[in-house]
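**Q** These are the residues of each chain, in order.
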Amino acid sequence: MSTAVERFDDGARARFGAHGRTFVRENELLRHPVYSRVLHWSVAAFFILALLSGLAIYTPWLYRVLTPLFGGGPMTRLLHPWFSLGFVAFFALQLLNWLQPMSWTPDDTRWMRRLKEYVANTDKLEPEYVDFFNAGQKLYFWAIVGSSVIFFISGVPMWFPRAFGRTTAAIGYVFHDLAALVMLVGFIVHIYEGTAAQPGTFHSMTRGTVEKRWAWTHHPAWYLHATGRQPQDDYEAAVRRQAGRSAEGGTPSMPG
Amino acid sequence: MPTGTLQVKAISGHSGTVPGAGVQRAEEICKYIDVTTCIGCKACEVACVEWNDMPFQQTTFDNTYQTMPSTAWNYWNLIKFNEHQREDGTLQWLMRKDQCMHCEDPGCLRACPADGAIVQYTNGIVDFQQENCIGCQYCVSGCPFDIPKFNSTTKKVYKCTLCSDRVGQGLEPACIKACPTGCLKFGTKADMRGLAEARARQLREHSGFVHAGVYDPPSVGGTHVIYVLHDITKPELYGGLPANPQIPVTYTAWKRVAKPIALLLSLFAAPVAFFHYISQGPKEPQPQPPGQEVPR
Amino acid sequence: MTNGWIDIKNTDLMLIMGGNPAENHPCGFKWPIEAKLHRNAKIIVVDPRFTRTAANADLFLQIRAGADIAFLGGLINYAIQNNRIARDYLVNYTNAAFIIKEGFKLPEDGLYSGFDPSTHEYDKSTWNYEAAGSSGRGNAPAALPPNVAYDVTLAHSRSVFQLLKQHYSRYTPEMVERITGIARDQFLKAADLFTSVRKDGDMKKVATIIYAVGWTQHSFGTQIIRTAAMLQLLLGNVGRAGGGVNALRGHSNIQGATDMAGVFDILPGYLKMPAPDDVDFATYLKRTTPTASKPAEWDSYNYWSNTPKFAVSFLKALYGEAARKENDWAFHYLPKIDRKYSWVEIWDDMYNGHVRGMFAFGMNGVQVGPNSKKNIEALKKADWLVVGEIYPDETSEFWRAPGTTPDEMKKIQTTVYRLPCAGFAEKDGTFVNSARWLQWKNIAITPPGDAKLDQEILSLIFLKIRELYQKEGGKFPDPIVNLAWNYTDPLHRSFVELAKEINGRALADIADPTGQTIRSGQQLPGFAALKDDGTTLCGNWLYSGSWTEAGAMTQRRGTEDPSGLGIYPNWAWSWPANRRVMYNRASCDPSGKPWDPERRQVWWNESGRWVGNDVPDFKVDSPPKDHMGPFIMNPEGIGRLFGPLAAFQDGPFPEYYEPIESPIANPLHPAQSINPVVQTFKTPLDKYGTPSQGFNVVCTTYRLTEHYHYWTKNNPMNVELVPEPFVEVPVELADEMGVKGGERVKVSSARGSYIAKAMVTRRIKPMQIDGRKTYQIGIPIHWGYRGIAEDAGRTELTSANLLSPTAIDPNAYTPEFKGFLVKIEKA
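Residue numbers (the numbering used here), protein chains in the order written: chain D, 1 to 256; chain E, 257 to 552; chain H, 553 to 1379.
Treat the hints as calculated values from the structure; they're not laboratory data. Ideal placement from N, C-alpha and C gives every residue a C-beta, glycine not left out. Keep in mind that a hint or two might mislead.
Below 30 Å or equal to it, Euclidean Cα-Cα: the simulated DSS-like pairs (lysine-lysine) are [said to hold, decoys possible]:
1) K1016/H with K979/H
2) K979/H with K433/E
3) K993/H with K433/E
4) K1083/H with K1145/H
5) K1378/H with K1325/H
6) K441/E with K993/H
7) K925/H with K1375/H
8) K1292/H with K1325/H
9) K490/E with K1292/H
10) K1016/H with K1027/H
11) K1171/H with K838/H
12) K490/E with K741/H
13) K490/E with K1317/H
Away from chain E, derived, C-beta distances all over 12 Å, residues of chain H [claimed, not checked]:
14) L696
15) E726
16) P828
17) W850
18) D851
19) G872
20) F911
21) Q965
22) G1025
23) A1080
24) K1145
25) R1161
26) V1172
27) A1223
28) Q1224
29) T1347
Sequences and hints are given; from them, build the entire structure.
**A** Right, dumping it as structure tokens:
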């Protein structure tokens, strides 16, 4: 993308970095700077609010459970589009922020072909070409982008049906729902992947850092770019160190 | 005449059974509008504004006798004026009182997600309960007759109540009471339908309107407001009355059936993830401390 | 109305013309619809515009405004040519068989015999019946002969019927098309439909004619209505349920105003106003009491022969004890009118400096017009103006009419007194509707603020003036000082007392016609009890019977209708004598049997009396063999196809004349295009336009259902319904001007201009008038320079009557608000 975008992102990162900090330990790498983390959690917060307020209106079975959260039905309805706008706005910044690492490469296509192995946890390490984000993450990301666009395009006529006509609103309604369902599935998977499925990942989005170990396991190419070292070499070294230490009965030291 | 209290038959956005439904059934009521004897005097418009204590609004001249382009949140009853040049060169000036049709299968109620914002009484009246309205305006897109109107100040939607307050006390709606020519009548659906059929027959046999007929569209289950039209084959001439009013599939097949199923399917992702975790386990950063894999 | 609103439901056919009842009488229009629904009755609408009434018609014809006589004359011609006339009715109940004096000339050249070009008046002595046994020649005195020559075969060349036939033979379908713009085939369709009620000599069916001010507001308005009446006589439709000639009154109580002498030349109950030649009461009575004029073998009730009873009782009501036989019942107190003092003349007099002040109550003179500019200028010249109104109106604010500069305003010296009055819902009293019903209404709310009832204001003024006369005397204080004012509270006279006074009471013990004694002080049972010896008083003989000893008939609300004809004899009270259809004797054949046995109104009972569902409008014991005519108010006892002598100023038969401002010369007689006796005015503001000056569009004015005259622009609900003035313009004319709907146009007449938005419509079509393409436009009258939208600056500030001409009908003095010439351009 243009350099203007990059300049904007760099500036934003710098400004947010000035107000926050990330502590990187010896055996860690900086994965998500303050700016990315603030954006992520802003997006997440608005998404959850939009999701819950949306689900309240989605079906009568959830209406009575969820609307009280927002102060009743009318307030739920009033807030939902504003939650969504918040979501869209922060996500738009995140889109600029992550445009480069999220762009699709032939490697991602290769990755997708072995999705089965990924799900089945067959390999200990990710293939050496997996960079800052893997294809699954990118897929989710771009699904959000697509859904957001659909949300926006369908949502505005639902917001102002008189201005767009009854048919537009009625069709938009279905697309809005479909987008929400896609997001819902993605969201569930995302939470799972970001927490239980990959220990250390959640920390990267809270404190900003990952263990090097985590990096070479899940994003070898990024490890290479970030450290200038071969992930496979460092991994094997770590394995050897661990084997030795294991024989000594000591605790593993931080990999260098 | 339908009298007695109003019995709720259906409620919008409500899970489970309708409280009190079927406990007592009153007769279905109906408003009869003979377009062929309407003189466009707007007494019904005034009666509606006055009875419902609606605030006045400023209108502007729009090259027509019609008071405003369409009904408004504070103007529920509007006569639509249309000049129609017939094929034989003669002119017709069609005047149709536009208001809520009180469909037997109401698109607004189908679309409404808010619990209790729209109720349908057993007598056929479809009524908005503004205290429960969330202002989502799904009813606006659900209605094939462009009736519900949003008030951006109160954030609520409003429409003709068929004077449920009057009807509930055994009175006729205000518009009916005001009509000077008797082109508006009120009674049971069966009676009004009979009257309308007879009038349509008279128009066919004595006034040369061979296509005269009764507008009571089955696509919305029939309506509790019916029209006698000079030409039932061209309802669009009367200020855009739809020939075949449809509730959008959105609010029928999708909302009623597909949506809940789709939601359940989506939520199925959660147990899948859970079972993935307990069966496949997490992807730990490698190398992990040594352990032993057991085949269970 | 000869009949009544409800009675319209009994008709088989309606000709609605010169009126727009669906818009201006929406409540009454339920009855035409009842007739449609329950009798399959047809509606023919003839109007310059496709109105909301036309929207309910079976047949609509667009006519050029003002061409009505041509159309109706064409119908008369068609009915005679196709023998669709009621022959028995015609011979026995009209003057068709009467023979007219020799020397009478039909107006082939536009002029009847006797026209004096120097005075623009007719010597009407030849417009008379031939006396039986006379030669037909010679100069008999200008009075109807007591014994009229007649020919029941209708073949006599000077019979009214033959003259009528000859006169209207010129109104061919082709001529109708040239004048009215109605295509020949359309006219024939309407003519065939209208006269179809007399197809094959059938007398059962009935047609009605319904009209309003679209007929009266012409320089020949009375004659349009007469043409309709003649057509109805010709078809035997008068006096019958579902028939008649029915004037729809445009205000809730205009009928009452007329009955109570709202016009300068009558006293209450249509007694004639004294003239300077009426040197005493006897002379007055001789002049105003007709004597019967009929064939020797026939009988005539001649009800106006009771004039002395009505007049004496009226004078007793007016002057009480001061009216005595010895002083001619104080007849000399009454003003004598030496000339016309009609509406337009009053303003003309004020403009010319003769009228120095004006009380304007219940009307907005500037807006009412015509030629509003002249009225505004007239008020500027007045010394004072008292306006009693419920709103500040254009009249009380004439000094700020648009175009008046601040300098000009400073020069206006007129003192304006504005008196806040009570509205109609703020007082009780009666309304008299078009059907002649007197209906009592109760006060709904008390007047706000300082507002007072009109009668209270008038009492205050009168009592003050009387005090001055009592103290200071004057030239002729008697009529003021002696006016009977015997009310319980002289300052706040109750309408109950007034209504009872109008009904009349006995001043001594008297015997009523049935022999019963009416005690002194008792209310009279009806006008039959009136006396000419001073033993009764009665404010208006027509209303006698409205408040009897039994109480207020006007307050009755009985809904019984035993006949099913909608007579409702116990609902309120209608004049005369609570009969609902006038001249109902004519609903029977000469032998006294109803023409239609299914619509039985009255009939001759074998017991020797006229009885029926309605009150017989007849001498109840006059047997059919006596051949008494059913039209008892005419000295002839029959309906007048020929209006003899001074009945009309402009001819015994209506002739078509062009409006004062017309796009063409009259095709019947181009040299005498307009009404020869029409009255126009001569001030610099009384200008009349011609096509050669560029005024070539025909303009008509009217009301909308959404508004009531010039009041409702003060009511937000009405303003919401129709917010601002507009001009209805045919699509084709708008295209020529390059004007779209909603754009401003300027309409100009010789007198002024009017700006409003254009309503471009297909409801007015271009017309071919005498072979020339002619446009019509229409202007609703409701706006001016004072109202909600006007005050907020949201509308144009011009009044429609800035355009209309000061020309008046010589018979009824009504201005020509319909069918004048304008030009129109993009503003």
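**Q** Each of the hints needs a verdict: does it hold here or not?
**A** Outcome of the hint check:
For the given pair, K1016/H sits about 23 Å from K979/H by alpha-carbon distance, which is consistent with the 30 Å threshold. Pair hint K979/H plus K433/E holds up; C-alpha atoms about 25 Å apart against a cutoff of 30 Å. Between K993/H and K433/E the CA atoms are separated by roughly 20 Å; this keeps the pair inside 30 Å, and the hint holds. Restraint check for K1083/H and K1145/H: not satisfied, since their Cα atoms lie roughly 34 Å apart, outside the 30 Å limit.
In summary, the hint linking K1378/H to K1325/H is supported, as the alpha carbons are separated by about 20 Å, within the 30 Å threshold. With a C-alpha separation of about 27 Å, the suggested pairing of K441/E with K993/H holds against the 30 Å cut-off. Taken as a hint, the K925/H and K1375/H pair is honoured in the structure, with Cα atoms around 18 Å apart against an allowance of 30 Å. At roughly 21 Å between alpha-carbon atoms, K1292/H and K1325/H fall within 30 Å of each other, so this suggested pair holds.
About 28 Å separates the Cα atoms of K490/E and K1292/H, which keeps this hinted pair within 30 Å; it holds. As the CA atoms of K1016/H and K1027/H are separated by approximately 17 Å, the hinted pair is consistent with the 30 Å bound. Of the pairs offered as hints, the one joining K1171/H and K838/H holds, with about 24 Å between alpha carbons and a cut-off of 30 Å not exceeded. The hinted pair formed by K490/E and K741/H meets the criterion: a straight-line CA distance of about 28 Å does not exceed 30 Å.
Only pairs whose Cα atoms come within 30 Å are accepted, and K490/E paired with K1317/H is accepted, the gap being roughly 25 Å. Consistency note on L696/H: stated as away from chain E, and its beta-carbon is indeed over 12 Å from all of that chain's, at 45 Å minimum. Against chain E, the non-interface label of E726/H holds: every CB pair exceeds 12 Å, the least being about 21 Å. Every CB of chain E is more than 12 Å from the CB of P828/H (nearest about 49 Å), matching its label as outside the interface.
For W850/H, the shortest C-beta to C-beta distance to chain E comes to about 42 Å, beyond the 12 Å cut-off, and the non-interface label holds. At the 12 Å boundary, the C-beta of D851/H stays outside the reach of chain E, the nearest C-beta of that chain being 43 Å off. The beta carbon of G872/H is kept farther than 12 Å from every beta carbon of chain E, the shortest such distance being approximately 44 Å. Interface exclusion of F911/H from chain E stands, the closest Cβ pair being 34 Å apart, more than 12 Å.
Distance check for Q965/H against chain E: the nearest CB is about 39 Å away, which clears 12 Å, and the non-interface claim stands. In this structure G1025/H is separated from chain E by more than 12 Å, as the shortest Cβ-Cβ distance comes to about 56 Å. With a minimum CB-CB distance of about 37 Å to chain E, A1080/H clears the 12 Å threshold, and the non-interface call stands. For K1145/H, the requirement that its beta carbon stay farther than 12 Å from each beta carbon of chain E is met, with the minimum near 30 Å.
Annotated as non-interface, R1161/H keeps its C-beta farther than 12 Å from every C-beta of chain E; the closest such distance is 38 Å. With a cut of 12 Å on Cβ distances, V1172/H stays outside the contact zone with chain E, its closest approach being about 37 Å. For A1223/H, the shortest C-beta to C-beta distance to chain E comes to about 37 Å, beyond the 12 Å cut-off, and the non-interface label holds. With a cut of 12 Å on Cβ distances, Q1224/H stays outside the contact zone with chain E, its closest approach being about 36 Å.
The beta carbon of T1347/H is not kept farther than 12 Å from every beta carbon of chain E, the shortest such distance being approximately 9 Å.
The structure shown violates the earlier hints numbered 4 and 29.
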